[in-house]
Amino acid sequence: MTTMAILTIFVLSVFVGFEVVSKVSTTLHTPLMSGANAIHGIILVGAILVADKSTSTLETTLAIAAVVLATINMVGGFVVTDRMLEMFKGKGGKK
Amino acid sequence: MNSNLYALLGLGVAVSFVMALKGLSAPKTARRGNLIGAFGATVATIIVFFDPTSVEHHNTLLILAAILFGLLVGVPAARKIQMTQMPQLVALFNGVGGGAAALVAIVEYLNLGDSASIGEVIATVFTVLVGSVSFSGSIITFLKLQELMTTRPVVFPGGRFIIAGTLAGSLATSGWVIASGGTTPLLVLAGLSLLFGVLFVLPVGGADVPIVISLLNAFTGLTVAASGYVLQSTLLIVAGTLVGASGTILTRKMAEAMGRSLFGTLFGAFTAKPQAATQAGEARPVKSGSPEDVAILLNYASRVVIVPGFGLAVAQAQHTVRELADLLAAKGVEVAYGIHPVAGRMPGHMNVLLAEANVPYEQLVEMEEINPTFPQTDVVLIVGANDVVNPAAKTTPGCPIYGMPILDVAGAGNVIFLKRSMRPGFAGIENDLLYDAKTTLLFGDAKDSLTKVVSALKGL
Chain A
1 MTTMAILTIF
11 VLSVFVGFEV
21 VSKVSTTLHT
31 PLMSGANAIH
41 GIILVGAILV
51 ADKSTSTLET
61 TLAIAAVVLA
71 TINMVGGFVV
81 TDRMLEMFKG
91 KGGKK
Chain B
1 MNSNLYALLG
11 LGVAVSFVMA
21 LKGLSAPKTA
31 RRGNLIGAFG
41 ATVATIIVFF
51 DPTSVEHHNT
61 LLILAAILFG
71 LLVGVPAARK
81 IQMTQMPQLV
91 ALFNGVGGGA
101 AALVAIVEYL
111 NLGDSASIGE
121 VIATVFTVLV
131 GSVSFSGSII
141 TFLKLQELMT
151 TRPVVFPGGR
161 FIIAGTLAGS
171 LATSGWVIAS
181 GGTTPLLVLA
191 GLSLLFGVLF
201 VLPVGGADVP
211 IVISLLNAFT
221 GLTVAASGYV
231 LQSTLLIVAG
241 TLVGASGTIL
251 TRKMAEAMGR
261 SLFGTLFGAF
271 TAKPQAATQA
281 GEARPVKSGS
291 PEDVAILLNY
301 ASRVVIVPGF
311 GLAVAQAQHT
321 VRELADLLAA
331 KGVEVAYGIH
341 PVAGRMPGHM
351 NVLLAEANVP
361 YEQLVEMEEI
371 NPTFPQTDVV
381 LIVGANDVVN
391 PAAKTTPGCP
401 IYGMPILDVA
411 GAGNVIFLKR
421 SMRPGFAGIE
431 NDLLYDAKTT
441 LLFGDAKDSL
451 TKVVSALKGL
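These protein sequences, in sequence, are chains A and B.
At position 42 of the first sequence (counting the first as 1) the number is 42 in the numbering used here, and the numbers step up by one without a gap.
At position 84 of the second sequence (counting the first as 1) the number is 84 in the numbering used here, and the numbers step up by one without a gap.
Chain B extracted, bound-state conformation (with noise of 0.2 Å):
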């Protein structure tokens, strides 16, 4: 191909690009702009094969059955997840992404051997280094988010030198691969990485592992710019470059979004004490009630808030608490859904499960504007919900999720909890709204108890 042409297809791709994230940011272009970054994306896979620079082409066939692979695995990977598990498959396509990077810097350092330059070196350390963190890092947010291991930050005792030894180490190998080059010191810094990464995931809480997420997916973005710098590829630098830059802004926006400043959720696992042990055994009594009492309320009540939470999405009750909240509406109930910015386990969660069931967005009411309308609301209903409305983020400085901004359901008249049982949420923190005396719980799959509720509330 014409080397002109293939420059000018590829600035094509990465300005598709740029309008795919612009696209991504309205709800109206998102799936528009979506739709025309794998446009792009597809070009440029195609152009590759015909790169005027690239002059051998020892493995063509090898690399289509690759890539044929990747589909088979990738896209039924895609298209059978359920919601719910949304986010674990972005943290893990997420690792990959960063994997990739890390071995292309490793293969390019290989064939470059002695007649790499000091500034490609030092691509290839910067690649070699985040990539690997970003790959195992990821992994163990996939890990946590799939529940394979406990969702409580892992902390163990002399654990911050521990990660500051390993990160230390990485760097200093990274300087001897620069200072020495050769192959052993660039596996060992692979090696390192991995572990970092492993390290640096752990004492994550549960609660801050979207924002993990989305740092690393920034961290990925800026590995493949510096493999880009190594290849003399322009559009890998302005696509990678477009993901790290987004990325941090985004990463920015949801710690915002819950309050906490981006060191206090990377580190704050390191300065927070082990708790003490949560007075387990101590059996408090709490009130829970039949789906008729919960119907009675309901139906009662002139206005109701419904706060979603991970429950929901678990027990796929998305339709269900459409139906009720429907019937509340008929019977002239004034109803709105109170959507926590992380309710769920992903920023947004709730707002793409509701909108599945065809919740009208005027309905969808962030937490800012409703939280001073709790005094008038008679009724807050929360489904599967936990640490998003728990008192603790104010009251208990020092617990994993103090300083997060919560729905301030305790100003309201009635809180209805549904739940599984008394386990705490994901955050592996006791809440003590469950034992108020304003609060009624209502056990089970939150499905089932809505279904009994709407179904007692017709019988009203």
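Excised from the complex, chain A in its bound form (with noise of 0.2 Å):
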């Protein structure tokens, strides 16, 4: 990938990520936040493919340290706004 591709992408997701969540209630203002964070959970891939390629003891410990924390803050994230939001269930959110 070329640096100018790179810089587009990184560009536009800002615009879009500002725009996503610039209409979010306060009411929303904690899951919002604990689903953003079990995205950057994503890392993960990130993880995976770095301990997919280490060799020395050394790169393969810690590639393998952040699969284990990427895996917990994906996951965790996850479940844990589904809990949150489980809540607000059945009602007609007329806020």
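Chain A regions said to be covered by chain B (calculated; three or more residues, Cβ under 8 Å):
#	region
1	39–53
2	62–71
3	74–81
The calculated lysine-lysine pairs, modelled on DSS-like cross-linking and capped at a C-alpha distance of 25 Å, are:
#	chain 1	residue 1	chain 2	residue 2
4	B	K438	B	K394
5	B	K452	B	K438
6	B	K438	B	K331
7	B	K452	B	K287
8	A	K23	B	K22
9	B	K253	B	K394
10	B	K28	A	K23
11	B	K253	A	K23
12	B	K331	B	K458
Quick partial rundown of chain B residues pointing at chain A, CB under 7 Å, derived from the structure:
#	residue
13	V104
14	G221
15	V243
16	V352
Since the hints were made in silico from the structure, they are not lab data.
No residue lacks a Cβ here, since even glycine has one placed at the ideal position from N, Cα and C.
Work from the hints to combine the two standalone chains into their complex.
Here it is as structure tokens:
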């Protein structure tokens, strides 16, 4: 990938990120933060990529630790967000 | 896997994250949004094993075992956690994510060795620096929220110079890594950044911790984007940037909801003078009442506003408070809940708790709307809240919550505090309202007190 392509993706993503949350109600600040928190658990993909090509013990150890931490972040994040939102279930959100 | 198919699936995952964030910002679609995000993340985790560019597979079994281990830790933690401890768990999850990003960057750096381009080295330095800050900073917020350490701002003499020095050291080390490469400087950088994360969060006062969690969350997003650059993964760049950008907006909104600038939040503790020791020992008279007194006050009111706070969450009293509200409503009393945006330990904390007890949405009134109605309110019932109704936020410049908008409960006819003790709130500030002539205090666990009030009310 060229640096320009990466920069383009980056800048457009910034705007999308600003835009999608611009109208969030105060009620949902916590679940939204928690959901975004789960999404950055996607670093798991990066952790798997580096772990799979690691050969030295040091690299492997660090990479496997990263896989564990990232899994906790991702899975725990989505589960805990779902639990928060479960409580809003069945209410015709008027807000 | 065919590389076009792989890229296409990756694009689908990125779209699912956009839809997840979009869904999460409206109550009706929030749960579905979260599930879409989780689905996307699962797909991404499966397809990465078939990444066409990754030809070597050295540790597949080990990786699967690590994922399994992560699941075994993460899922039960998320399932079993009490609603009251939710904020610190989110902080902890955020921290481990930041730590993972820093580790990924370090491994890739070791792996690339001298072949790393200048751009890759810069991105690595950024990830290690910010990821480490996010990791150690989140751990400190976790300790504060879990009350394993003091919730007050920790300010030590010369603190700001030490913090500035650590930051300068981190930046200088960053320059060193970029200029000379090598493993040692990178490890020094990681160490200094971890230290900086600790020092950066220590002076933040209790009430501001939610904003810091949100900020660190945005930081972690950006580190994921930077490691995506090093790993040439479009998906990581998009997902990380989305979180970084939306997290920044969210942090600003939270800060606005609390009426403070982000700068003031993060650096307020530096500029604030250590409080002249609150006149401890000076016992001022308070008026405490029995559950029956409280029941009588409520019974003859025509309008009651309930202000819930963290004490409600601790006592798990959301169902009891609803029972009380229903009982009053049946007696013809107008009942509303005054929700401060940062009541509890996280913005929206009270909404989540009261929604659990099936309190109708219409009764939850936000601060701006409820404040003008206090003069027409006969009784304000404060259940385990303190800082969000503390007039010191308006009257005492220099106190840690100065400038935070509060619920103007003093305008109401009577104020009832349900409190465990005279202990000040999370921010550690004395509340003059407790000594006001129209204030009645009912000591005890919020749930016990409410139950007693309910039965007293039934007997009237």
